[in-house]
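Take the two lone chains and join them into the complex the hints point to.
As they're listed, the protein sequences go chains A and B.
Going by our numbering, the residue at position 226 of the first sequence is 226; the numbering climbs one at a time, nothing skipped.
Going by our numbering, the residue at position 69 of the second sequence is 69; the numbering climbs one at a time, nothing skipped.
Note that these hints are calculated values from the structure, not bench results.
Heads up, a few of these hints could be off.
To be verified - Straight-line alpha carbon distances no greater than 27 Å define the calculated DSSO-like cross-link-like pairs of lysine-lysine that follow:
id : chain 1 : residue 1 : chain 2 : residue 2
1  : B       : K7        : B       : K77
2  : B       : K56       : B       : K76
3  : A       : K7        : A       : K31
4  : A       : K293      : B       : K7
5  : A       : K196      : A       : K184
6  : B       : K7        : A       : K7
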Amino acid sequence: MLIAADKFRNIANAIELQLDIFPEHRTYLEKRFSGADEASLRFADHVADWVMRIAGEDIGRIWEDYRWLSEMVLEEELHFRRTGAYRLSTFEEAFAQVYSNRQFMSRYMNGLLASQLWWRNHTEVLRFFRDRFVASNVSGFSHLEIGPGHGLFLHLAASSPGCASAEGWDISDTSLEATRAALKALGGRGDLHLRKADLFAPPKASFSSITFSEVLEHLERPQEALRILHGLLQDGGRIFVNAPVNSPAPDHIYLFEAPEDVVRMVESAGFAIVETLFAPCTGATLDRARRLKLSISTAIIATKQA
Amino acid sequence: MDDTLQKVAGIIRDLFDEYDGPITRDLTAASVPQWDSLGHVQLMVAVEQLMGIRFKSDEIRSFASLGDLIDAIDRKKVAT
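So that you can see chain B by itself, here it is in the shape it has in the complex (with noise of 0.2 Å):
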């Protein structure tokens, strides 16, 4: 598992505690129960906050999977 998937599969863990599967890039929000509109919204603030980055608005809502996301991450992390 590489480092961004590692930190972003604490946060999962620890914000969406019910879920027991594996956390892969393929991850989405609909295997999760717990990852509705609002713990989706609870997810990307803490990952800023871990990673020290900000995503806009319309970044928030494109992510399909968690792949795309651990991407989103590590572009705005080389950007910085």
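Chain A on its own, in the form it takes in the complex (with noise of 0.2 Å):
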């Protein structure tokens, strides 16, 4: 038994259901969830019921899809391993072989949802999003996500009671209607505005809070994002950015290879930092996987000094 079923339920449900079809997982998922105390088990049974209730039905897709995700991502692994960067350098490439392909982004985001439960350092980000960024929101925050995606962050904080507006912006149509989807799975408020925008031609906005988890890895100007993304955040305001060092993805395209460049990149676009989280892959310690060049989810909480 890899988790006490009578404690959370809905992970041993998710472990039960994935092992089923990805049987030679069960040492990864012992190593996912071995030393884990309890409040962290106790969110994880959170995610886990999240994953299950955007899913509905289709919840056997969702660890197929997972089990298609870990395998393709061995494949991006072994070329990073051998070259030093990842497969892909320019947006347009990433378009091509991924973001114009439905099916593959179907199959990449439902594999996606379910690396927020199986993938410790996913998991402890979304944790530190609820409770470091959006507990000490002021109230009557305005928030905005760029990259809304699987619709997690954004549920967190669009469900916080401090949640004034929320809206999340996205240049893919696909990926608007997956995260609406999620969002009605849910429930929630009703009043979120969900809506096509290119970040580099961004509507007239502005807002007092803003999530840009797993974006800039995908942008070949990255600090540009973030510069208008400066721009639209008020004075006094707070921003979550997460993402992954040395983690070779089919549409990764910029690569950080320290979590410091991360934070170097949001405080020289005028951010300044108020907390850090420095998130190791499962079962590896963050010195072991900075020694390794293995992937670390660096979530960064900052804010724009008036």
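If you want it as structure tokens, here you go:
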């Protein structure tokens, strides 16, 4: 038994279903939850519930697509280890190979949804977002997320009692449809606004709270994106930035080699750092992840000083 | 311990630093908790770089034990 099923029923159910489809993943999942404290397991149990609610009757497909994603990422890892670089380097390549392929995107997004539960760094960043970012936002905050994807970050922000308004922007209709379906499945506020918008040609607007999670690594000009976000954030507002380091994936084009690279880029856009979380991949300490150049999720809470 | 095994053992000690048991030809991933699918890719590429060889994708998936890997390395070294 990997988890106490009487206490963490959702995780236990998810593990059972995942292992039916991906039995070779048992050792990994044992490692994923070994040593986890009560609070982190309780949070992961919520994540398991959210994943299953979003998936609904398609839950089997989520676990299948996670297996597909895990195998695909190994091919990317092989290239990264051999060359020290991501396979793609331009947005045009990523669009041709990934974003324009609706079926690929659907499977990819399903796999990433499951990874919020199975990849410890993803779960930890989500928890950091809820407890350290959303919970500390001032009452009445107006929130924007760029690239809301699976919808979990946007759901957490929008469902905060202090959130006055929330919206999500994406350049992809497919992605917006997925976010819309996820938010509907999770319930919550009905006035949440999702719209097709390009960060590099932003609508006229301003916000006191912005989420920018797992977008920087998809961009050719991440510095420019951060400068635009600085312009969208109100004085005294807060931004949550999350980007992975050394994390090869089929559509990652900008390589950060250390968490400090992400921090410096956020600072150079004019933000003041409030707090950071460097979350190494499952099974690795931060020191080992740095030494072996393993993936580290780098989450940053920063503010725009008046 | 033969030369190839000794070199690969050095990589294993470095990559999978929580494993403190003996490293022999019979060693398998199942005995080394850090030797998961991602760790396997890292091991293969570290071996490639140290030995100056290149594995095919199907070879990478085929090694059932460290002995299989050592034999494949020795075959490739003879062939080059």
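Structure-based check of each hint:
1. K7(B) / K77(B): holds (14 Å)
2. K56(B) / K76(B): holds (11 Å)
3. K7(A) / K31(A): With a Cα-Cα distance of about 19 Å, the restraint between K7(A) and K31(A) holds, given a limit of 27 Å.
4. K293(A) / K7(B): holds (21 Å)
5. K196(A) / K184(A): holds (18 Å)
6. K7(B) / K7(A): violated (46 Å)
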